[in-house]
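From first to last, the protein sequence lines stand for chains G and L.
Okay, so the first sequence: first residue is 766 according to my numbering, each after it adds one.
Okay, so the second sequence: first residue is 766 according to my numbering, each after it adds one.
If you are wondering where the hints come from, they were derived from the structure by calculation, not from laboratory data.
Copies of the same chain are indistinguishable here, so a pair counts whether it falls within one copy or spans any two.
With a straight-line cut-off of 30 Å between C-alpha atoms, the simulated DSS-like cross-links for lysine-lysine are: (1) 871 / 1021; (2) 1021 / 895; (3) 1033 / 895; (4) 1033 / 945; (5) 895 / 1038; (6) 917 / 854; (7) 1033 / 902; (8) 982 / 940; (9) 854 / 808; (10) 1033 / 871; (11) 1021 / 1042; (12) 982 / 1038.
Protein chains: 2
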Amino acid sequence: MSEIDFNITIVGLGLIGGSFAMALKELNIKNLWAVDIDTNVIKTAEDMRIIDKGYTDPETPLQNSDIVIICLYPNLTLEFIKENMDSFKSGAIITDTAGIKERLIKEVDLVLRKDIEFIGGHPMAGREYKGFEFASKEIFKGANYIITPTNKNSRGNIEKIELLIRRIGFKRIIKITPQKHDEIIAYTSQLPHIMATALINSDEECDTNSFVGGSFKDATRVARINCDLWTELLINNGENVLAQIESFEKRLGDIKRAIIDNERDALKALFEKGSLKREELI
Amino acid sequence: MSEIDFNITIVGLGLIGGSFAMALKELNIKNLWAVDIDTNVIKTAEDMRIIDKGYTDPETPLQNSDIVIICLYPNLTLEFIKENMDSFKSGAIITDTAGIKERLIKEVDLVLRKDIEFIGGHPMAGREYKGFEFASKEIFKGANYIITPTNKNSRGNIEKIELLIRRIGFKRIIKITPQKHDEIIAYTSQLPHIMATALINSDEECDTNSFVGGSFKDATRVARINCDLWTELLINNGENVLAQIESFEKRLGDIKRAIIDNERDALKALFEKGSLKREELI
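Bound conformation, chain G alone (with noise of 0.2 Å):
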């Protein structure tokens, strides 16, 4: 695979940004750096030699560096970006990987200097375990990949990122706005982890243990994230989850009205759109 001449900077060691070192590294990066707070993770991803060089010092990488790829919680990556706006390379691309985007672009906006661009994006990719112990390329094979270009990027900046994002194996790019984002992740992402918990928070008395299968083992398994995470990214898009929420109680409100009302063919064509739904499903 031939040489990528930029100088790359990611901020933040933990689950995504140690994937996007390991992912990256193949790919022959000019150079590619790291920022962290954590001076036991920078050494260890130097003697894995998934990064050139790690700092805990932000200033001399985002002075060199074409791309900065910030892999930060979403409050964080907006603090990051503007203590150290003085910092970054003319002409660099700063990207991040927060799973909310209308907030964070909107206030990235207002302290952006004009000679470096930001563009949103969020891999659609992680598990359920954080930190860079858990970090693996595997987990961007074949997964969609968000961006949220606006009208202030340059066609060549969306393409740089583009290739990169496809080079590290994700399957698809969607581009969408920062407001479509928030109001489609609400659904396919952050629904989907509200139902996990409150499944798992209805248990009552019994020892739920001995009467699981999979299909409880597996509605549930997102119950198990990263708290101050999910805090965050719920609370921040708040408005929007709240909708999908109430989407959410009208669909379960059919289903409860047609076992109060006994109406076993409502109850079945319920079932079979949502099998023929999950069966479209890639």
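Given the coordinates of chain G, assemble chain L onto it according to the supplied hints.
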């Protein structure tokens, strides 16, 4: 492995009945017969040598079977027992695999001859596909099995059924009353299917495929179901299912309220509770 000195008939060579045949065949059962309305399935099972002989007319195998395992939908299970009450061998044990127990066992009790026993059973194993072609003894490996004996069952007969269940790969056998079974299963099995269906039916206008990650896929896996069977299970266990839906709605309400009130700590506490419960699930 030593021979098991019983004649056994499996009624219904679908996903569960076929899996039973495959698993039992390895135990050197004295004779393993099957009853099905589909002659093609019978021929396939005979050709595969997972049964000794198959029948469309149950009379002969029932007259000679010490154990009869009924692998039909709940309503058909009852119908089959009623219609063939005169054919069972004296001293036989009938067991079933239906996902609901209280009403079924009461109704069986009304028609059961005094010289035979019925022991309710529920293998906590399945797949999102139905039919013999998806049968596999692997689905039983390590799974839970619930039996719901009553005071009409003798210890010796319960032990015979338990022995069989363990020998075909189930890890844990739980004995509870039919009433308790239906209450608990409404939560651990029926509610996850309802959630998955309501979740996947909540999509409004988006191309869901492009925006889903693993969380949505897992949370909706069991929306792909046997719609006839699940309609019957839920209608027949309506009261317990509605109680569980209401309990779930309360827990969903907790999350909603925390988001509406912008209560980060309360929301995080709910996630932490769920995360810990999920971690404890084996």
